[in-house]
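Hey, can you work out the whole structure from these sequences and the hints?
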Amino acid sequence: MIESFFADLHIHIGRDMYDKPVKITGAKSLTLTNILLESSRNKGIHLVGIIDSHAPHVQQELKQLLANNQARELEDGGIQFEDVTLILGSEIEVNDENCQGPVHVLCYLPTLAKMEEFTEWLATKMTNINLSSQRYYGTAKALQYKVKELDGLFIPAHVFTPFKSTYGKGVKQSLEEVFDPDLIDAVELGLSSDTSMADQIEELHAYTFVSNSDAHSLGKIAREYQEIEMEEPSFKELNWALHQVKGRKISRNFGMNPKLGKYHTTVCSKCLEPLTTSVKVCPTCGSTKIVKGVYDRIKELANENVNKVSRPPYMYQVPLEYLPSLGPKTYGKLLENFNTEMNIIHQVPLNRLEEVVPEKLARAIIQMRNGELAISAGGGGKYGSINPS
Numbered sequence: 172m173i174e175s176f177f178a179d180l181h182i183h184i185g186r187d188m189y190d191k192p193v194k195i196t197g198a199k200s201l202t203l204t205n206i207l208l209e210s211s212r213n214k215g216i217h218l219v220g221i222i223d224s225h226a227p228h229v230q231q232e233l234k235q236l237l238a239n240n241q242a243r244e245l246e247d248g249g250i251q252f253e254d255v256t257l258i259l260g261s262e263i264e265v266n267d268e269n270c271q272g273p274v275h276v277l278c279y280l281p282t283l284a285k286m287e288e289f290t291e292w293l294a295t296k297m298t299n300i301n302l303s304s305q306r307y308y309g310t311a312k313a314l315q316y317k318v319k320e321l322d323g324l325f326i327p328a329h330v331f332t333p334f335k336s337t338y339g340k341g342v343k344q345s346l347e348e349v350f351d352p353d354l355i356d357a358v359e360l361g362l363s364s365d366t367s368m369a370d371q372i373e374e375l376h377a378y379t380f381v382s383n384s385d386a387h388s389l390g391k392i393a394r395e396y397q398e399i400e401m402e403e404p405s406f407k408e409l410n411w412a413l414h415q416v417k418g419r420k421i422s423r424n425f426g427m428n429p430k431l432g433k434y435h436t437t438v439c440s441k442c443l444e445p446l447t448t449s450v451k452v453c454p455t456c457g458s459t460k461i462v463k464g465v466y467d468r469i470k471e472l473a474n475e476n477v478n479k480v481s482r483p484p485y486m487y488q489v490p491l492e493y494l495p496s497l498g499p500k501t502y503g504k505l506l507e508n509f510n511t512e513m514n515i516i517h518q519v520p521l522n523r524l525e526e527v528v529p530e531k532l533a534r535a536i537i538q539m540r541n542g543e544l545a546i547s548a549g550g551g552g553k554y555g556s557i558n559p560s
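The opening position of the sequence shown corresponds to residue 172 in the working numbering, with each subsequent residue numbered one higher.
In silico lysine-lysine, DSSO-like type, Cα no more than 27 angstroms apart, as pairs:
{"hint": "1", "residue 1": "430", "residue 2": "451"}
{"hint": "2", "residue 1": "343", "residue 2": "430"}
{"hint": "3", "residue 1": "343", "residue 2": "479"}
{"hint": "4", "residue 1": "312", "residue 2": "340"}
{"hint": "5", "residue 1": "407", "residue 2": "234"}
{"hint": "6", "residue 1": "407", "residue 2": "319"}
By construction, these hints were calculated from the structure, which means they are not laboratory data.
Right, dumping it as structure tokens:
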């Protein structure tokens, strides 16, 4: 029977089981076990993609969970831990001769054995296999072929961000400059874009869009996520949902309003003055370091008279921690009463919320649920902000 599940497919490991860094900029508390506990018990996410699973010590920690019967491998791919299924993934930086600049991609594999085989191959093409998002020395297409040889999924990551993304730096106009388009399983939008923005580019109509957190701390898990209709959280079902097989599909994308993203508008990176794309020198501070915003980059790439494509609704949300006046104690009280963040965001009625938190905050949660929160735009590496009503 097909049911609905929540999935966040882009979560980093900050530290391995020996307290060694994996994602340098990731929080120390962001360990494999902590991610699984947080996702299952507090967030209420059913499917998580941990995209540093290529690191040998991460695999060692996973084997320890399996040996202790805290986790088990699923027949259809993925590893179950309590109420969450782990999808083994790897974020990799590509910069071959066809790229204008570095591009990040996400590679997912069905089993630990396949990921270990991938690690063995990657170790010959990377300087440090123990770290996240490392430069891969080879072509993007060769990487795609290897992922497919191992029955994996290949997804370009945060495709519009100004740095290290397909359209931000990697290509002049088309993803076909770098990738084999037939070997792409989905496209990750990133925090500064949404479905309607991305669909201005006609070549993206062929792909399912995913919206993920790119979490660098436990609190950021499920900052963006999707609702997937499938029989169970597993690798095979995820694959079918990305390709809309036998009724499986992504039914809703949940993400921050693109204006809240760090790179939505074009700004001076020094003083964050909003600018037009034609400006080469900031009139306020004189800096020449201008960061082109996602909104403006998509306008450059947009096709004229593009046909409308059928997509799942894209729902504007923010994590609970973004709401003004919702501190750690209040968050803890909400979890104590309503179990998980997904339950609070999607299910708990206003009157029940008002029994636990002040009326203004309860109404802000409902406004967030309905995509009605007022916001101020971000840019140049600074997030936008929520404007309390």
